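Construct all of the structure, not just a fragment, from the sequences and the given hints.
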Amino acid sequence: MNSPLWLVIVTIAGCSSPGSRAAVAVESSATVKETKVEATAPACDNPVLVVRDGREQGLVCEPALPADVTIFDLRDGWTPRLFAPGADGTEPGFRANYLALALEQDLEGKPLPVNAALTELYGVVPSFAIVRQRFTQAARYACHGKVDSTPIAKLARPYGEEHAGLVRHAIHQRKVLGAILERVRVQRQLADYAPLAADRELGPTYERWKVADELHAGFVAAKRHLACEGLLAPKEVEDGTLSWATAKALELFQRRHFLIPNSRLDPETRAALATDPRELDFRFALRVLRERVVDATGLIEDGTAGKGPQPILGRMLDPEAMRGPRGHGRGLRDGAPDLVSAATEAAARQLGWSTPAGAEAFLARHPAGVRVAVVVPPVPAYHATHMELSAEIDRGDVWYDVTATARVAWRRPATVLYVQDGSTKRPLIRWATTIGGWSDVKIGGATVKRWKESDVGPRQWRELFAAPTWLPPGSTPDSDLVKWVSAGKWELKRSIMGPGPHTAFGMMLLPHHREIRGTGGRTQYVKNGIGTHGSAVVTSILNGTSHGCHRLYNQLAVRLGSFLLRHRNHQVRGQKKEFYRRTVRFMGTHQAKIDTRGFLYELTPPVPIEVLPGNIRSPRKVPPVGAVAAGAE
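Using my numbering, read the sequence shown as starting at -9 and increasing by one per residue.
Don't take every hint at face value.
Said to hold, decoys possible - Straight-line Cα separation of at most 20 Å, SDA-like style, residue types lysine to any residue; simulated pairs:
#, residue 1, residue 2
1, K136, E226
2, K225, C133
3, K238, G220
4, K583, T594
5, K136, A261
6, K100, K136
7, K144, K225
8, K439, W428
9, K483, L102
10, K439, S465
11, K225, I170
12, K144, A264
13, K517, Y570
14, K200, I170
15, K415, S465
16, K567, I584
Since the hints were derived computationally from the structure, they do not count as laboratory data. Please read all numbers here as calculations on a predicted model, not as lab measurements.
Right, dumping it as structure tokens:
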């Protein structure tokens, strides 16, 4: 194959050593387009692999790259901008932890147990080393291939551990009715029970048995897939029950495949269990690629403010419930389209990742990772180093009941980020969030229910914390800060204090500041413990409430933080010191100790936000008597 003209120019005027060539002939097959690159590397420290239309065209020094390409870092040392080193080498203290979690390891390089390793859903983008590893698990693929998934489709409701009694009854019924049908089958010398469906006396018995049998077969098939994933012991499979172990395995499966972690056989989980695992791993690869694309392009526009998220190579990569806040209907006026999916699909096609085989082959050719340069659609003209951004938080449906009452908000809270695009105030994203509600608080040594209000009005995002810690306020009951470990043993819930993906503030925190102008022109900025932040409590963002803060899915909180650092002037303040000590007395005595608030960036100027009242649906239009300030979550 002849090299394109631009590449010939790069070879001559670029960074290759005299006599060397940056690219040579391409070998193609039906599934993988592969280029053999000569061993002579360009004369620069960090060359970039140019890839066009699935063909690897050689390593080129960055200054010599054509103007129409974007560089994506596919190496294992990558982190989102939120955790990346600054120009002076300063980096968040959590960066090393992030890189270890991305490799599913601890800081000593030891593999994490599966429960601790699966953190994609909680804001840690896995390394391509993990994607590569999954693609090579032939035994897992073979195991799944032996399972007949047909019965899973007949499970008509989202069964979970709470249905264990119903399932046990069905299994018992299957056994008893099956014994009756078996005696008749033997007497009549039938091949199976099907002819008994037409029997006047035994027909109803057969139908009841069939319902129970299909339920059992569906559970067994689902559990076999969970066992193939290494999430469920084989001895737990064949009885068809929904035990605690099954519920835990379901949650881990959902976390592994980026589904809502509700431990139930909901429609999306049933569909994933019945899907070819190579396809699931390909979707995983595309999700990991998507975050690299987001980071490199500076995009955040995911369609949630417009016509909705779009498929990537015909695949929706996020669960339906995560594609926008419930009850908000059509897109916003002038809402940005889904630029993230368009750029990710373009990058995937350029890399030759149109199929699972293409992605697997590329990753196999680059076991150490690589920086690549590919052509993707240009970013909008309004993208700049400093963008005129603002945000609104719609509180959605609000009920100010005088006592704690279960409510279902048809219109959920939403966060909208805007950019001033000329004369147009353009919505970039509209994401699901939370507001406060009824919570347990400690007052005078007793734990009582109190309303936690999410206050309204103009606020500011002035500070941005990467990997924030949570300092439990005095109103947090001690019982909320410990967990049961084993018989007679309790320990402190260190993970919710952080830093880390499971902390109460997630992976990114934007405290809300209220500007107060005093006499003499003096201005104060007041915080009352409310902020916009990430959260690992995924289901609370779907259907629940917070302690007053506005939670985001952790992966989106990281995107937002990185976007603000990319497109807003800021100062790096570094790791903020803290001295927090608390003695927790519940099921023993435990000492909480926190020495940092997180890595602080100061937004200069701050981003203005407006918290809207929402739709107050209760007759009462003000918070209940005895409502308390939100404090920290």
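Discussion item. Tell me the numbers of any earlier hints that the structure contravenes, in ascending order.
Written reply: Hints 4, 6, 7, 11 and 15 not satisfied by this model.
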